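Asker: Spelled out, the chains give:
2 protein chains.
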Amino acid sequence: MTYTDLIGYTASLLIMVAFLPQAYQVWKTKSVEDVSLMTYTILMFGSVSWTTYGLLKSDFPIIITNVTLFVVQGSIMVCKLKYGKKIIT
Amino acid sequence: MTYTDLIGYTASLLIMVAFLPQAYQVWKTKSVEDVSLMTYTILMFGSVSWTTYGLLKSDFPIIITNVTLFVVQGSIMVCKLKYGKKIIT
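Chains as they are written, first to last, in my numbering: chain P, 369 to 457; chain H, 369 to 457.
One or more hints might be untrue.
Note: identical chains are not told apart, hence a pair may lie in one copy or across any two.
To be verified - Subject to a maximum C-alpha distance of 35 Å in a straight line, what follows is the list of computed DSBU-like cross-link-like pairs (lysine-lysine):
no.	residue 1	residue 2
1	448	425
2	398	453
3	425	453
4	453	396
5	425	398
6	396	425
These are calculated hints, taken from the structure and not from any lab test.
Note that the coordinates shown come from a computational prediction; the quantities given were computed from them, not determined experimentally.
Isolated chain P, as found in the complex (with noise of 0.2 Å):
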């Protein structure tokens, strides 16, 4: 593994755990106003779009990393629609 690849591995690895905190948060505190609906409906077509990118140049870090963010941006979407609700109602 060269310089540049563990550069490229630390890079995936930090982008893959970002949205943890954030997820755990919408899913502890229920509150989620000033999260952004749009920003995560756009992220999800996102992952979709690198994850077929991915799946077509057999690229395994790309598809890894864009599968996880679905799951955990996904999981935050999930909490925005649910408990967004709170404010219309």
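We have chain P already, so just place chain H on it with the hints.
Answerer: Okay, now just chain H, sitting in the frame of chain P:
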């Protein structure tokens, strides 16, 4: 440009624009309670690592995507640090 390239560029574009609604929302509402500081701190390290990786591989799409992300996610983090103080004081 191949079909795969097109998906890659679409994926990059989606990720670049995704955080704009979140940045606009926190800037407009000045309400950041539900935004995770830890998430945006890790994302900052992530975009710096990705930019370094892009520079080492001379990969322009990776560089431009992550410099953009650094600026937009950084502005969300600045709002969090600035307006988040309201909770303490």
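Asker: If a hint holds in the structure, say so; if it does not, say that too.
Answerer: Hint by hint, here is what the structure shows:
In the homo-oligomer, the alpha carbons of residue 448 and residue 425 lie at most 35 Å apart inside one protomer (33 Å), although the nearest pairing across protomers, at 38 Å, exceeds that limit. Both within a single protomer and between protomers do residue 398 and residue 453 lie at most 35 Å apart by alpha-carbon distance, with minima of 11 Å and 21 Å respectively. In this assembly of identical chains, residue 425 and residue 453 lie within 35 Å of each other by CA distance neither inside one copy nor across copies; the values are 40 Å within and 45 Å between. Taking CA atoms no more than 35 Å apart as the test, residue 453 paired with residue 396 passes in both settings, with 16 Å inside one copy and 21 Å between copies.
Proximity of residue 425 to residue 398 under the C-alpha cut-off of 35 Å is found in neither arrangement, the shortest distances being 39 Å within a copy and 42 Å between copies. Neither within a single protomer nor between protomers do residue 396 and residue 425 lie at most 35 Å apart by alpha-carbon distance, with minima of 38 Å and 40 Å respectively.
When each numbered hint is compared with the structure, violations occur for hints 3, 5, 6.
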